[in-house]
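Novice: Listed below, chain by chain, are the residues.
There are 2 protein chains.
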Amino acid sequence: MTDSENDPETGSLLRPKYDSNGLITAVVTDDSSGDLLMLAHMNAEALQLTQDSGVAHFFSRSRQCLWKKGETSGNIMSVTEMRIDCDQDALWIKAVPAGPACHTGRLSCFYRKIADGKLERIA
Amino acid sequence: MTDSENDPETGSLLRPKYDSNGLITAVVTDDSSGDLLMLAHMNAEALQLTQDSGVAHFFSRSRQCLWKKGETSGNIMSVTEMRIDCDQDALWIKAVPAGPACHTGRLSCFYRKIADGKLERIA
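Chains as they are written, first to last, in the working numbering: chain A, 215 to 337; chain B, 215 to 337.
Read the hints as simulated data drawn from the structure, not as lab findings.
One thing to keep in mind: the hints can contain errors.
Just so you know, same-sequence chains aren't split out, so a pair can sit in one copy or run between any two.
[Said to hold, decoys possible] DSSO-like mimics (lysine-lysine), calculated; alpha carbons at most 27 Å apart, straight line:
no.: 1; residue 1: K327; residue 2: K231
no.: 2; residue 1: K231; residue 2: K282
no.: 3; residue 1: K332; residue 2: K282
no.: 4; residue 1: K332; residue 2: K231
Build out the structure end to end from the sequences listed, making use of the hints.
Specialist: See the structure below:
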């Protein structure tokens with residue numbers, strides 16, 4: 215293996231850089247619209263389950279447990295592509311959502327824009 | 215002010231939920247292509263400077279200092295829209311990048327996809 219291939223920044227080895235809590239940030243975008251749907255976190259188990267099943271799994275920081283997105287709501291997310299960034303501490307997940315990503319019922323968690331220091335709902 | 219307007223999840227008040235280090239995660243997408251460019255962090259000062267200047271500022275966790283993206287490389291990011299998520303602990307920044315977002319010279323930090331447990335460069 216060349217040095218280049220062994221380099222986390224340029225190589226072909228998946229070496230997620232988990233934080234002190236064993237988590238990596240995952241950004242989920244809509245495979246069709248490209249819109250940002252949600253931001254969540256994965257531990258190694260969630261990442262493996264997501265790769266194996268093709269359905270997004272996360273680690274809930276509030277509940278401190280593995281979390282299959284949509285397990286109760288039915289709004290699962292079918293993963294079409296996963297990418298990792300240069301220093302391998304963030305994931306980009308493109309997915310087809312079966313329903314709203316947000317617990318408020320909106321398609322995306324990012325339904326408010328910042329304008330003049332305040333928030334404006336756009337969905 | 216109604217309860218609804220006062221609610222961080224539905225209201226119009228910008229109340230970023232900073233983590234224990236005083237930071238909030240910021241996801242930057244390309245205003246034209248919609249592609250995810252990078253993920254970084256902001257402290258309150260960086261967020262204010264970004265709002266005031268229209269140019270993305272972050273807080274460098276490695277260097278522990280305010281960081282105007284592109285200050286040395288010239289590859290600044292002009293912000294076209296900022297959104298915040300339901301629980302106000304993540305920002306979505308749409309921007310027009312003046313050049314590559316990644317320090318490796320690639321347009322996006324997410325230039326490798328995960329395939330069969332390995333990484334494939336796509337840029």
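Novice: Taking the hints in turn, state whether each one holds.
Specialist: Now for the hints, and whether the structure bears them out:
no.: 1; hint: K327 with K231; result: between (31 Å within a copy, 16 Å between copies)
no.: 2; hint: K231 with K282; result: both (22 Å within a copy, 24 Å between copies)
no.: 3; hint: K332 with K282; result: between (33 Å within a copy, 23 Å between copies)
no.: 4; hint: K332 with K231; result: between (35 Å within a copy, 15 Å between copies)
When each numbered hint is compared with the structure, no violation occurs for any of them.
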